[in-house]
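Enquirer: Taken in order, these protein sequences are the chains called Y and E. UniProt numbering numbers the first residue of the first sequence as 1 and each following residue consecutively. UniProt numbering numbers the first residue of the second sequence as 1 and each following residue consecutively.
No wet-lab data here; the hints were simulated from the structure. Some clues are possibly wrong.
Put simply, identical chains are the same to the list, so a pair is met inside one copy or across any two.
What the hints assert, rightly or not - Okay, derived cross-link-like pairs now, DSS-like style, lysine-lysine, Cα gap no bigger than 25 Å in a straight line: (1) 143 to 442; (2) 230 to 442; (3) 28 to 97; (4) 356 to 388; (5) 28 to 399; (6) 442 to 64; (7) 70 to 432; (8) 64 to 113; (9) 143 to 399; (10) 298 to 28; (11) 70 to 113; (12) 442 to 28.
2 protein chains.
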Amino acid sequence: MFLRGCVTTPATLPKSLAVRRLFSSSQKYFATAGTSLPQTIRQLLARPESSQPLHPVEVSGWVKSVRRQKNVTFAVISDGSWAPGMQAVLSNTNIPKNLTNGASVRLGGTLVKSLGAGQAQELRVDTVDVLGDCDPETYPIQKQALSVEYLRENAHLRPRTDAVASMLRLRSELHRAVHGFFEGQDFTHVHTPILTSSDCEGAGETFRVVPNTAQSTLPEGDAQEEFFSKPAYLTVSSQLHLEALASSLSRVYTLSPCFRAERSQTSRHLAEFWMLEAEWAFTRSVDDVCDLVEACLKGVLARITPDSSLPWSDGRLRSLLNAGQYDAWARMTYTDAVAELERHHASSRAFEFEPKWGRSLQSEHERWLSESFIGGPVFVTDYPASLKPFYMRLNDDRKTVACFDLLIPHVGELVGGSLREERLDYLVASMKTHGLDEEEYKWYTDLRRFGSAPHGGFGMGFERLVSWLSGIENVRECIAMPRWAKRMLL
Amino acid sequence: MFLRGCVTTPATLPKSLAVRRLFSSSQKYFATAGTSLPQTIRQLLARPESSQPLHPVEVSGWVKSVRRQKNVTFAVISDGSWAPGMQAVLSNTNIPKNLTNGASVRLGGTLVKSLGAGQAQELRVDTVDVLGDCDPETYPIQKQALSVEYLRENAHLRPRTDAVASMLRLRSELHRAVHGFFEGQDFTHVHTPILTSSDCEGAGETFRVVPNTAQSTLPEGDAQEEFFSKPAYLTVSSQLHLEALASSLSRVYTLSPCFRAERSQTSRHLAEFWMLEAEWAFTRSVDDVCDLVEACLKGVLARITPDSSLPWSDGRLRSLLNAGQYDAWARMTYTDAVAELERHHASSRAFEFEPKWGRSLQSEHERWLSESFIGGPVFVTDYPASLKPFYMRLNDDRKTVACFDLLIPHVGELVGGSLREERLDYLVASMKTHGLDEEEYKWYTDLRRFGSAPHGGFGMGFERLVSWLSGIENVRECIAMPRWAKRMLL
């Protein structure tokens, strides 16, 4: 192996690192480090019942409900670790006045077998500490149904609702499942730049980034123009950067924030969203790329367990997912899709927009294909080159490119991907056709100049994935603190 | 449990989802899905030798070296999956002219026991396909030592050097180790906003975000001012948002990009960097927070294996890490630290800046504490309130706050954290002292109004962690595509 000199190697490790505690006077600052955090409610209740002698435990969380009976009071305490929380049983002589919904508490007691329905174990409470009051009169998160819009306005408190907390846990589970999948496929996780000088899609509205002149000591023009010596934008996709990294590491992926300054107000778009993007070398066909997407989604589906506060938690999703899990997902070319759409339209006049080869598929077309014609996820492949970005690989027919959109019922396009054009001359020709400045993309064409490899990849909107798997229809409820045109709270 | 109406539940699951393949004509679009990707070199070589009969394998990657001997030619092929790559043995009659450094290739052959030193197995090659040429005359990544600055200029190609590829793999390992640690502690991973309306630290230069007027159809003033109805900035820290989420989920963390428009050119600062931040409720003391940081770092250290292309790969780091692994790390208060600094300065006049209670610790002070006095990582706790941000919890002495900086030899401050002020009246008083507008932070004080809980957290610069564990001194070499003042390539 040859070492190249791109890092500074300290000639020797400083002595101070090798010989610790140089000064005996420093001895008194060393103590035994503590252990990890106390168990969460989820962890406590996950222990097998038999292994739980009647020993004291401490539970901290927020009061979700208080129900006073003749002899005892039942309270549900949640620490956010799992949806049902823990049922606590308190003696009626032991109830502080401020034990109300939303208050934070620390309870001491014993875990015992529950006599009531709904939980296997409950906490018999000995001590109650209310750590933080919550005035029932003014608390914005009341128990009655609260409108979506009201909760959006209270973005800082809406994680306290069961549904938003469940979404956040699902999102975290998905995050872990996705990383687990790519680890299993030996991908390297990478962080790609958020600030970029290029616009990957060559279209769409972007955000520009400038130093905050209110704080700057420089004249406005200087401060705005010259921080990076050239204009900086927020990334709309990590793909081009991933391609550079895949030219060395072969298999790379990232889950990264992306930004579009779209003014449209739809249930499927945010100004700030997270995108899972993967790129890998030595792939041979668009079917290879679809295979990995399908394996990724099925792997993720198999790992998650949406909980009861979510719309699609009641077994219907599970059965759908299981169906999707074992069947192969449908694949059809754009050309076949248009033919099917034309046939359907000829007999039914079902569409507002007439389907026709060479035109974009409209939302109504995509819905019919996935929801009615296929009745499940469908990869539509090989679109006309004129409808797609410059970097997609031209097929031998010289009219279509080796790409796909994955259409999901009621979600629409969840994933888009393609082979990338690895042939320098084809790429340069495509850039000309798309009106791109070759000089600006020299670094990108360099990847084809030196050891170019066939490669492909895809991008998946993370909020759309959450939407699909939760049944939450609007992506604004699929992220903790959404941003869209005219709206940025916190 | 009570369901709150914050999501729209479809009354019934559409039939098209329950009954798949509504149209028999769609049958032909279903095929058997493919399997996962072929094994990487790392995976191939990780298989136990005994389980490897002489069966044909295919290896794709880039040529790292070619060495022609009398009868055979040795080539090292890397697919980026692990540092040593794979040694390939080719018959001299079978060497294409364009089999040169940097070319991408697909080799077919048999894995056999290696007779040479340096690898247990090698690939006896039957077929060679050069997929992408690499002209040895013009290839920017030559085998001789290349300067750091030259490689920075070639940001798109520098991942092809062994050292940068090793750093990227280490970064990915660290990423997984960090997520694994927090999963084990039952934290929920969350995505916090990148675009915000507030400046967490109340200081420091921020970036402002505006729609790109070059693309906008609106008049410049409108487009700039009103996209979000108020000015938008790039986040400098996720902490305040994490606090809101920890008020429901108890334990949350994120690894998120952060931005500072600093014009300084140091080896420890980037304009765009990644920060690991965690926040959890029901913590009681700053020692609790230090405990988790120490457990996190030790857990991560135990999981990683920096490879041979990195400066600290030669066992010295490993022994240092092992030492750090089992000892308790030192902790001292700021007050004790200043007393030790004063004592040392009184005898040696070692410092340019005189240490004195109430003043910030200078870099020279921090270095002496960690590198000389302690000779290892040291938590310095309980700084004067006047030196720290508004949100830190006031100690009973009413002069200091319950916070810490973790100082690491040769890295400096790796982690900073604190208890957060959970008492509404103290927080409001602190905001006044710091000149903050209470109305603007109403959402933040609300967290103390309704079920406030004692909580704390920390932030760790991810590039500094990479720097510490790799031995790469400049953070610009600890991220794939760095951005700093005047520099943004790609």
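Enquirer: Decide, hint by hint, whether the structure agrees.
Expert: Hint by hint, here is what the structure shows:
Taking CA atoms no more than 25 Å apart as the test, residue 143 paired with residue 442 passes between copies only; the shortest distance there is 22 Å, against 59 Å inside one copy. In this assembly of identical chains, the alpha carbons of residue 230 and residue 442 lie at most 25 Å apart only when taken from the same copy (16 Å versus 37 Å across copies). In this assembly of identical chains, the alpha carbons of residue 28 and residue 97 never lie at most 25 Å apart, being 46 Å within a copy and 67 Å across copies at closest. Proximity of residue 356 and residue 388 under a CA criterion of 25 Å is satisfied intra-copy only: 16 Å inside one chain copy versus 64 Å between copies.
Taking identical chains as interchangeable, the C-alpha atoms of residue 28 and residue 399 lie at most 25 Å apart only when they sit on different chains, with a minimum of 24 Å there against 75 Å within one chain. For the homomeric pair residue 442 and residue 64, the shortest alpha-carbon distance between copies (24 Å) is at most 25 Å, but the shortest distance inside one copy (58 Å) is not. Taking the closest pair of Cα atoms, residue 70 and residue 432 never come within 25 Å of each other, the shortest separation being 81 Å inside a single copy and 48 Å across copies. Taking CA atoms no more than 25 Å apart as the test, residue 64 paired with residue 113 passes inside one copy only; the shortest distance there is 21 Å, against 64 Å between copies.
Taking the shortest alpha-carbon separations for residue 143 and residue 399, neither the intra-copy value of 58 Å nor the inter-copy value of 41 Å comes in at or below 25 Å. In this homomeric assembly, residue 298 and residue 28 come within 25 Å of each other (Cα to Cα) only across copies, at 21 Å, whereas the closest approach inside a single copy is 55 Å. Proximity of residue 70 to residue 113 under the C-alpha cut-off of 25 Å is restricted to the intra-copy arrangement: shortest distance 21 Å within a copy versus 78 Å between copies. In this assembly of identical chains, residue 442 and residue 28 lie within 25 Å of each other by CA distance neither inside one copy nor across copies; the values are 59 Å within and 43 Å between.
Checked against the numbered hints listed earlier, the structure breaks hints 3, 7, 9, 12; every other hint is satisfied.
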